[in-house]
Every structure is written in structure tokens, then in C-alpha cells.
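> Each protein sequence line maps, in turn, to chains A and B.
At position 209 of the first sequence (counting the first as 1) the number is 214 in the working numbering, and the numbers step up by one without a gap.
At position 157 of the second sequence (counting the first as 1) the number is 162 in the working numbering, and the numbers step up by one without a gap.
Simulated from the structure, these hints should not be mistaken for laboratory data.
Here the structure is a predicted model, which is why all the values come from computation and not from measurement.
Among these hints, one or two may not hold up.
Chain copies aren't distinguished; within one or between two, either way the pair holds.
The list that follows gives simulated cross-link-like pairs (lysine-lysine, DSSO-like), each with its CA atoms no further than 27 Å apart [what the hints assert, rightly or not]: (1) 138 to 207; (2) 81 to 17; (3) 24 to 207; (4) 59 to 147; (5) 78 to 59.
Below are the chains, spelled out letter by letter.
Protein chains: 2
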Amino acid sequence: MAVRVDVEFGAKDAFKAVKRGDLIVVVDVLRCTSSIVSALANGAKAVIPTETLKEAYRLSEQRPDFLLAGERKGHKLRGFDLGNSPLEFVQEAVEGKTVIMTTTSGTHALVRCRRAEHVLVGAFLNAAAVAKKAAEIAQKEKVNVSFVLAGEEDLFSLEDFLCAGAIASEFPIEGVDFSDEALAAVLGFERVKGALSEYVGKSRHAKHLFELGFGRDVEFSCMLNRFEIVPVYVDGKVTLIR
Amino acid sequence: MAVRVDVEFGAKDAFKAVKRGDLIVVVDVLRCTSSIVSALANGAKAVIPTETLKEAYRLSEQRPDFLLAGERKGHKLRGFDLGNSPLEFVQEAVEGKTVIMTTTSGTHALVRCRRAEHVLVGAFLNAAAVAKKAAEIAQKEKVNVSFVLAGEEDLFSLEDFLCAGAIASEFPIEGVDFSDEALAAVLGFERVKGALSEYVGKSRHAKHLFELGFGRDVEFSCMLNRFEIVPVYVDGKVTLIR
Chain A
6 MAVRVDVEFG AKDAFKAVKR GDLIVVVDVL RCTSSIVSAL ANGAKAVIPT
56 ETLKEAYRLS EQRPDFLLAG ERKGHKLRGF DLGNSPLEFV QEAVEGKTVI
106 MTTTSGTHAL VRCRRAEHVL VGAFLNAAAV AKKAAEIAQK EKVNVSFVLA
156 GEEDLFSLED FLCAGAIASE FPIEGVDFSD EALAAVLGFE RVKGALSEYV
206 GKSRHAKHLF ELGFGRDVEF SCMLNRFEIV PVYVDGKVTL IR
Chain B
6 MAVRVDVEFG AKDAFKAVKR GDLIVVVDVL RCTSSIVSAL ANGAKAVIPT
56 ETLKEAYRLS EQRPDFLLAG ERKGHKLRGF DLGNSPLEFV QEAVEGKTVI
106 MTTTSGTHAL VRCRRAEHVL VGAFLNAAAV AKKAAEIAQK EKVNVSFVLA
156 GEEDLFSLED FLCAGAIASE FPIEGVDFSD EALAAVLGFE RVKGALSEYV
206 GKSRHAKHLF ELGFGRDVEF SCMLNRFEIV PVYVDGKVTL IR
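Take the sequences, apply the hints, and build the full model.
So this is what it looks like as C-alpha cells:
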């Protein structure tokens, strides 16, 4: 049977994908999932996403050995070790460490998917690896695949749409059944794949990040298939898939 | 000032575009807006969209000289003169006539936009003409533009998304400010414009129409810029713009 590939354009609709019993790929290219991929690629042991700041501070008090990372309104927070720039999560900073992370949208979206059986973390940085793994699990366990685009709660994000297209276009299985949303995303990605950072740069959120001085994050987050890793969210933690 | 171009992916969000005070382009390629464009291009005097069947029957009783057209579940209805196939609205059938029309999604979407100052009817068939007129009004009256995709109430439709992209990509004004949704639509259209009916044919709704035997409607509705007309919805009627 063909694997169905669908897309929820906003994190508020994550529950639909959970309800369908789909394998979920959470995407928040600017910048949460790009940061998580960077952190794990550079040797972090785990990333623990939290929805609220309060929860992040509380957990950090209990575990002072954990790093505290994230943002509100794009900026690093008081008492935090790291912000939400994928370029901060270098080996020197994160190797062997567990990172508590709270961001405006991406960590919310992850937590909203916590009841799903399979939740992968996708970005341009690991698009092909995530596609391969998602297709493998979907075939083996006979589940469908949904992307949950987390850019902003209630809003469509061009960069996440293009990233879902990047991942979906790498699906190696025959007979994939794309929803209208998934097909639109694949077409969009195919149109811009030769100039990814140029087009992602035209998105609302990228423009906002340019204003805040985070232009290099946009550039870095558009590096297609830089890492061959697949982060998975299980029991409240994101780790590399076994 | 740049004209902002936005897209509401579902008819249920038409109210947002109305609230913003935007010029609205309603798009329901398969098949309502393609049929309206065909009807007016072939000499119909006006099309009166109604939300309910009851309203359509009532109006038809009052005005037996009007034609009654539309569908439910894709099929023409008992006592109706015409269905919802753009190929039915030929000159012999509609010239000089007023057409009462009720469809599952498209006429709903139009009625939902009735409080907007400017409501144009868009399809692939008249994409360039609508773009030119929308841009002209937007510049003159200093309003922004929103596409309302009417394919299905609550669902994203690939064909309407691509059509919004077709129209938006023809906008002749400098300094158009595309929302993420509008930019995604333009990119999708640019990717498929050489093979429009092939890609529209992959959409959920086209597949449904193929099953019902309406394949020729899909083919016809994909004829880009076949007509140079702009239907406008004012005071409950769609007519050619003066």
C-alpha cells in the first residue's frame, strides 16, 4: 500500500497528525529544528524541549549540569547558556551535554506531538537522512507520514513549506501518495532548490531575523543535507535515532 | 507604497480578507470560477451565486427566465438547466441570459465575500486579465489584494493554489509585497506552468472529477489566459467589469 504524505501548515494543527496516527516530521527551519540538528550533530547527548520558560528554568535548577538554550522574540534569555542560533551549537559548547531548549514555536510544536508514536526532527540540514528514515519506518510499520510546520503557531511559513518539500522530494519509495499540500511543497522546493537561501530569505521570518542581525543563521539553515543524522523525539527527549 | 498580496487557503478564512479591507480574488478552478468565466465570456448577462439550493430554487421560481445551474457532489441537480461544467456554458446556452448558480464551494466563497468592496472572479482561463485589473484597482484605490481559495471549505486545494500563483505572477506592478503564502503559490506555478493540466490532474479534486467522468473539464479549466475578461461580484451578481 502506498504511503500517504501529508502536511499540516501550522503547529496548531499538529493534533490532526497525531490523531491520524502518522509518523510526524516536525519542521521549524528558522531556527529551532536547525538548532536541534546542529546540537546533536555536534555531539550533544540530548535536547529536552519545553513549552514554557518556567518549565525550562525549573528543570535547569534541578539539573545545573544541563545547558539552557532558546529564545523569546528571537533573543537569548537572561541566565541562558545559549540562544537559538544553530551556529552557537558547536562541538565546544555542546559535546556530551544535555540541552534544555525553549523557543517561541518549534519546541511547542514538538511537545504537542508527544503522544505520537514516531516524531522526527527535520531541517534542510538533514533533509535526505530524515526522508530515508521516515520512509523506512513508514513502510515497516505501515503508517503514513505528516509534516508539522512549526514556523509560527497559526501562520504558514515559506521556509518550512519548502523544507517539507525538500524532505518529501527525497522519499525513496515507489507509490507515495502525496496530499495536495505535500505536492505543492515538493513543487515549491523543486522550483527553488538551486537558490535556497535566496528564496528562504524572502520569507517573513527570515526578514525578521535579518533585522535582528541573524542573517548568518538563515544562510546556515539553508545548507541542504549538511548532516546525515536523524533526531527523534521520545519520552520528552530528542536524541539521535538508534 | 507596495501592494501587499496575500492568500487565504480556505473559504472558511474569507472573512479575514474581508476584514482586512482587501480587494479579493475568489478562485475555484475546479470548477465554479472556471464556469463563471466561461459563462460570461460566452455572453451570459450575469451570474447570481447562491449559497443554498433552497435559495436557488426560490429565485428560479420568481424568475423562470433565468437559467438554473450548479452541482452537489459534482452532479447536476433535478430541474436544473445546467451543471457545473465550464464546457456547458457555451454561447448557445447562455447568451443574453442570467444564470443562477449554486455549487458546493465556489458560490459559498463568493457570498462570504459580499461585504468586500472589490471581489473579482479568477481562474486559469482569465489569469492575466484578472491580474492586470486587480493591480490597477489596488494601485488606484490603495488597497491590498487577497486571494480566497474556495476549492473546499476547509481544505487546501492544489489547483487553486497554483491558480493564485498564476495570477500573482502576472502582477505588473513594481514593488509588490508577497506574503509567504503568495510567494509559495507563485513558485509552485512557475514550476508547473509548462505542464499545467498534468499537475492539476494530480490534485485531490481533479482525481475525483476524473472518476465522475469530468476529465475534459479539468483539461479545459487549465487553459491559461483563454479569455481576456474580468468578472466582478457586486450587489449579489457577477458581471463583466465595466
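> Which holds for residue 138 with residue 207 at a C-alpha limit of 27 Å: within a copy, between copies, both or neither?
Between copies, since 26 Å is at most 27 Å while 30 Å is not.
> Up to 27 Å between alpha-carbons, please classify residue 78 paired with residue 59: within, between, both or neither.
within (16 Å within a copy, 51 Å between copies)
> When no copy is specified for residue 81 and residue 17, does a C-alpha distance of 27 Å or less occur within a copy, between copies, both, or neither?
Within. Shortest intra-copy distance 24 Å satisfies the 27 Å Cα cut-off; inter-copy 37 Å does not.
> Measure nothing new, just compare the shortest in-copy and cross-copy C-alpha distances for residue 24 and residue 207 to 27 Å and report within, between, both or neither.
Intra 33 Å, inter 26 Å, cutoff 27 Å: inter-copy only.
> Between residue 59 and residue 147, at a C-alpha cutoff of 27 Å, which is it: within one copy, between copies, both, or neither?
neither (38 Å within a copy, 45 Å between copies)
This entry does not satisfy hint 4, going by the numbered hints stated previously; all others are met.
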